[in-house]
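Undergrad: Chain residues, written in single-letter form:
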Amino acid sequence: MLKEYPTLNSLVEQLDKYLERTYPDYFGKTAVHPFLPLKSFKVIHDNLWGTNRFSWREMALIDSPLLQRLRGIHQTGLAYYVYPSARHSRFEHSLGVTTVASRAFDALIQRSGDVLDIATNFDKENPARYLSKLRDELRLAALLHDTGHSLHSHTSEIVYSDLPLLKKAAAELTALAGRRKGTGEVISFCLSRTRAVAELLARAKDHLIDAKARQSSEQVDLDNISLLIIGRSRHPYLQFVADIISSDLDADKLDYLLRDASFAGLPLRYDIDRYLYTVGVAEDILLDGEGYLERLYRAVGAVDGIPTKHKASENTRFPYYETYRLRLPRQAMSTIEQIVICKFMLYSYIYHHAKVRAAEGLLARMLIRAAGHWRLSGAKDTDILEKFLDMTDSALDGTEFRECKDKAVVYYCNRIRTRLLPREVFGFVSSMFSHVQGEILANFISVLLDPERRGETIKQFETVLGEELLTLDSTLGSEPADAIWRTGMWLDVPGPPKFENTHLLESRGVPTGAAQPVNSRRSVTINTYEEALERHSLSRRVVFKTLSLSCCPHIRQVFALRRDKYFSRFAITPPPRLLAALTYKRRNLLGGRVGDVHFPEGRDDGVRQFRNAAADQRPAEARLLCQLLEIARYDLLG
Amino acid sequence: MASAFLRLREENAPGKPAFLGHLRFDWDGRYPRSQESSDYIHALHFTGCVGASNPSYDEISLNPKLGELWSSQKLEGDLSKFMDYAMKQVEAEFANAH
Numbered sequence: 001m002l003k004e005y006p007t008l009n010s011l012v013e014q015l016d017k018y019l020e021r022t023y024p025d026y027f028g029k030t031a032v033h034p035f036l037p038l039k040s041f042k043v044i045h046d047n048l049w050g051t052n053r054f055s056w057r058e059m060a061l062i063d064s065p066l067l068q069r070l071r072g073i074h075q076t077g078l079a080y081y082v083y084p085s086a087r088h089s090r091f092e093h094s095l096g097v098t099t100v101a102s103r104a105f106d107a108l109i110q111r112s113g114d115v116l117d118i119a120t121n122f123d124k125e126n127p128a129r130y131l132s133k134l135r136d137e138l139r140l141a142a143l144l145h146d147t148g149h150s151l152h153s154h155t156s157e158i159v160y161s162d163l164p165l166l167k168k169a170a171a172e173l174t175a176l177a178g179r180r181k182g183t184g185e186v187i188s189f190c191l192s193r194t195r196a197v198a199e200l201l202a203r204a205k206d207h208l209i210d211a212k213a214r215q216s217s218e219q220v221d222l223d224n225i226s227l228l229i230i231g232r233s234r235h236p237y238l239q240f241v242a243d244i245i246s247s248d249l250d251a252d253k254l255d256y257l258l259r260d261a262s263f264a265g266l267p268l269r270y271d272i273d274r275y276l277y278t279v280g281v282a283e284d285i286l287l288d289g290e291g292y293l294e295r296l297y298r299a300v301g302a303v304d305g306i307p308t309k310h311k312a313s314e315n316t317r318f319p320y321y322e323t324y325r326l327r328l329p330r331q332a333m334s335t336i337e338q339i340v341i342c343k344f345m346l347y348s349y350i351y352h353h354a355k356v357r358a359a360e361g362l363l364a365r366m367l368i369r370a371a372g373h374w375r376l377s378g379a380k381d382t383d384i385l386e387k388f389l390d391m392t393d394s395a396l397d398g399t400e401f402r403e404c405k406d407k408a409v410v411y412y413c414n415r416i417r418t419r420l421l422p423r424e425v426f427g428f429v430s431s432m433f434s435h436v437q438g439e440i441l442a443n444f445i446s447v448l449l450d451p452e453r454r455g456e457t458i459k460q461f462e463t464v465l466g467e468e469l470l471t472l473d474s475t476l477g478s479e480p481a482d483a484i485w486r487t488g489m490w491l492d493v494p495g496p497p498k499f500e501n502t503h504l505l506e507s508r509g510v511p512t513g514a515a516q517p518v519n520s521r522r523s524v525t526i527n528t529y530e531e532a533l534e535r536h537s538l539s540r541r542v543v544f545k546t547l548s549l550s551c552c553p554h555i556r557q558v559f560a561l562r563r564d565k566y567f568s569r570f571a572i573t574p575p576p577r578l579l580a581a582l583t584y585k586r587r588n589l590l591g592g593r594v595g596d597v598h599f600p601e602g603r604d605d606g607v608r609q610f611r612n613a614a615a616d617q618r619p620a621e622a623r624l625l626c627q628l629l630e631i632a633r634y635d636l637l638g
Numbered sequence: 001m002a003s004a005f006l007r008l009r010e011e012n013a014p015g016k017p018a019f020l021g022h023l024r025f026d027w028d029g030r031y032p033r034s035q036e037s038s039d040y041i042h043a044l045h046f047t048g049c050v051g052a053s054n055p056s057y058d059e060i061s062l063n064p065k066l067g068e069l070w071s072s073q074k075l076e077g078d079l080s081k082f083m084d085y086a087m088k089q090v091e092a093e094f095a096n097a098h
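If you read the protein sequences in the order shown, they are chains A and B. Here the numbering used here is used: the first residue of the first sequence is 1, the next is one more, and so on. Here the numbering used here is used: the first residue of the second sequence is 1, the next is one more, and so on.
Please note that the accuracy of each hint is not assured.
[Unchecked claim] Pairs of lysine-lysine, DSBU-like flavour, derived with a Cα cap of 35 Å:
(1) A/Lys-42 / A/Lys-167
(2) B/Lys-16 / A/Lys-168
(3) A/Lys-167 / B/Lys-74
(4) A/Lys-17 / A/Lys-309
(5) A/Lys-167 / A/Lys-387
(6) A/Lys-459 / B/Lys-65
(7) B/Lys-65 / A/Lys-311
(8) A/Lys-459 / A/Lys-167
(9) B/Lys-74 / A/Lys-459
(10) B/Lys-88 / B/Lys-16
(11) A/Lys-253 / A/Lys-407
(12) A/Lys-311 / B/Lys-16
(13) A/Lys-3 / B/Lys-81
(14) A/Lys-459 / B/Lys-16
(15) A/Lys-17 / A/Lys-380
(16) A/Lys-355 / A/Lys-387
(17) A/Lys-42 / A/Lys-253
(18) B/Lys-81 / A/Lys-311
(19) A/Lys-124 / A/Lys-29
(20) A/Lys-355 / A/Lys-407
(21) A/Lys-253 / A/Lys-355
(22) A/Lys-3 / A/Lys-407
(23) A/Lys-42 / A/Lys-29
(24) B/Lys-16 / A/Lys-309
(25) B/Lys-88 / A/Lys-309
No wet-lab data here; the hints were simulated from the structure. These numbers come from a predicted model, not from an experiment.
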């Protein structure tokens, strides 16, 4: 029990009841699984990581519905509509993360005596035994880290994230971890803390064939496992273990980068062997200015007593804990570059592919509508959450959506199933502002950067779009929302890739690299059913013209200059070596296609242009005019 | 930067702008981080209001015209007092940092 976090406790209880009710054979009072005697380990073959052993505890979880349901959830959502072979599931990803996590842990032990020294703090007599237990917990955390996913992974997360219950739980988890946490992690965290999981593991021990192993096996710490899932641990000294599960260069990323690229058929690789050869542990500090970590360690009862919290010093300026973090030294620079490139390429090729975004946008809107319908039918937050936990990707073929009383849900579902996807009719990126002195566009982009105002702004924007559509064709409905739903139109603002924890790239205080893709880089598109427009005697050209000339003020200076769409998407910043290497690597990876990448040199383009324009306004106006003419030629005149 | 905002958020002075109360901080390293203030700095940068000659925003230069515009705005009552106080706090923060 986490005393100061009532919503999380209540969610754990509710999930326990749900598991007991839904899977009585596994988690009920008369549970019979694991049914057969368990071997000490089993071998599972993976196309990425080869042949790997999974312990009896892991097998008990793998063979339970908690993990088995992940077989039905595609890792990359609806990306297989574009990359037909990208049909890998969260299940094999979870196994892959488990393998990579333990390989990283083993590498740390092999390469450095530091880890053994750290373990001595917790078991003076037998630190190796403590490390073995920690390794087991790490692997179980890796195995369970994605159990909270529902159909089509992150697409459904967008919908259930809005449930007040989960918002409240996410806020509590953020306070618990002392850093921002999403709802996806909330469910995995809570599932791993359920009595159902603890009892399953306890029963599994009784089914072990090997009596010796049964006697010698140590009890795993489920509290620590749940904390590892959210990137924390029972003690600050063990933070490096949590970094393996949740950080910017964690096992999750190492697996999905390679797996997604491999299954999609993209030639993206990074050098995992070099990563494992170089990964290490370094002393560091964890600031705790608001006391979140202190509350966390008190709540979970840290091993070996409550850790010492140091008072603020002149250097730290806040109270802090001494800790050990996962670190990659200078020798790993090439690997870091490869990982950064892989991530950006995957965003560019898969996650932000126009058709993938269109399919997932359609699905998200269908789920929002369906959730609204369930709520109108009397469903509470927990009922909706349970519905999502019941569903896997095959739900699209079931009756839940295809026979929904809300016709819009049925229509959207049929469109997704038959791949009648919307088209992008309008698009711009924030970097275009650098080249256009548009105050309105600047304001609009600035508002989109604000997470608190983004949702409301998009809603307002879509309402204006709906009003404009109604003026074009009054048969589209009586309300703007009707027109928006009928034409399948929405504003899409995909989140850019993030690499924020640059401290992970440092070694002993010396920065080895800083990859800081700026979070504010946004691309915005408006999608719609093209044939819906044709049906209402509207052509894309007319819509564009109407929107750009007479619609809401936001759009007046929003351009559809497709050639610039990916301009400045990469905001990789110096040090120069990373910059140079990225250009070079990308050239190698893409066979010389580097034309659409923009690397700012020194100062950002926006500032430079602003300064140029400030001296004399005329060049800026001339540039704007040229661009307008070019857009008109390119987009309107074909 | 985040430290300065954090200290200002904790202040209970009259005239404190509401947005300070909404700032949240992540504690996962050698300094606190605030997504909101980071986004705001990025927004200022991309809209050309400030210049930053390095990726980590160690040095930020305000566009002189914008500076003039901001200076010309007359703040009223408590907000003006709070801003004066905030400026002193931030100056002290940066003096310590160097």
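Undergrad: Work down the list of hints and note, for each, if the structure agrees.
TA: To see whether the hints hold, each was checked on the structure:
Annotation: proposed proximity of A/Lys-42 to A/Lys-167 is violated, straight-line Cα distance about 39 Å (limit 35 Å). For the suggested pair B/Lys-16 and A/Lys-168, the alpha carbons sit about 26 Å apart, so the restraint of at most 35 Å is met. Between the alpha carbons of A/Lys-167 and B/Lys-74 the distance comes to roughly 39 Å, so the proposed pair goes past 35 Å and is violated. For a cut-off of 35 Å, the pair hint linking A/Lys-17 to A/Lys-309 is broken: about 38 Å separates their Cα positions.
Restraint check for A/Lys-167 and A/Lys-387: satisfied, since their Cα atoms lie roughly 17 Å apart, inside the 35 Å limit. The straight-line distance between the Cα atoms of A/Lys-459 and B/Lys-65 is roughly 34 Å, inside the 35 Å bound, and the hint therefore holds. Under the criterion of a C-alpha separation no larger than 35 Å, the hint pairing B/Lys-65 with A/Lys-311 is inconsistent with the structure, at around 43 Å. The straight-line distance between the Cα atoms of A/Lys-459 and A/Lys-167 is roughly 20 Å, inside the 35 Å bound, and the hint therefore holds.
A C-alpha spacing of about 34 Å is found between B/Lys-74 and A/Lys-459, which places the hinted pair at or below 35 Å, so the restraint holds. Restraint check for B/Lys-88 and B/Lys-16: satisfied, since their Cα atoms lie roughly 14 Å apart, inside the 35 Å limit. Restraint check: the Cα-Cα separation between A/Lys-253 and A/Lys-407 comes to about 39 Å, which exceeds 35 Å; the hinted pair is violated. For the hint linking A/Lys-311 to B/Lys-16, the alpha-carbon distance of about 28 Å falls within 35 Å, and the restraint holds.
About 41 Å separates the Cα atoms of A/Lys-3 and B/Lys-81, which puts this hinted pair outside 35 Å; it is violated. At most 35 Å may separate the alpha-carbon atoms for a hinted pair to count; A/Lys-459 and B/Lys-16 meet this at roughly 30 Å. A hinted pair counts as satisfied when its Cα atoms are at most 35 Å apart, and A/Lys-17 with A/Lys-380 qualifies at roughly 15 Å. Using a Cα cut-off of 35 Å, the hinted pair A/Lys-355 and A/Lys-387 holds, with the two alpha carbons roughly 27 Å apart.
Simply put, A/Lys-42 and A/Lys-253 have alpha-carbon atoms about 25 Å apart, close enough for the 35 Å limit, and the pair holds. Under the criterion of a C-alpha separation no larger than 35 Å, the hint pairing B/Lys-81 with A/Lys-311 is consistent with the structure, at around 32 Å. Straight-line distance between C-alpha atoms of A/Lys-124 and A/Lys-29 comes to about 40 Å, which puts the hinted pair past the 35 Å bound. As the CA atoms of A/Lys-355 and A/Lys-407 are separated by approximately 24 Å, the hinted pair is consistent with the 35 Å bound.
Between A/Lys-253 and A/Lys-355, the direct Cα distance comes to roughly 24 Å. Compliance with the 35 Å bound is thereby established for this hinted pair. In summary, the hint linking A/Lys-3 to A/Lys-407 is not supported, as the alpha carbons are separated by about 45 Å, beyond the 35 Å threshold. Using a Cα cut-off of 35 Å, the hinted pair A/Lys-42 and A/Lys-29 holds, with the two alpha carbons roughly 27 Å apart. About 31 Å separates the Cα atoms of B/Lys-16 and A/Lys-309, which keeps this hinted pair within 35 Å; it holds.
Of the supplied pair hints, the one linking B/Lys-88 and A/Lys-309 holds, its CA atoms being roughly 30 Å apart against a limit of 35 Å.
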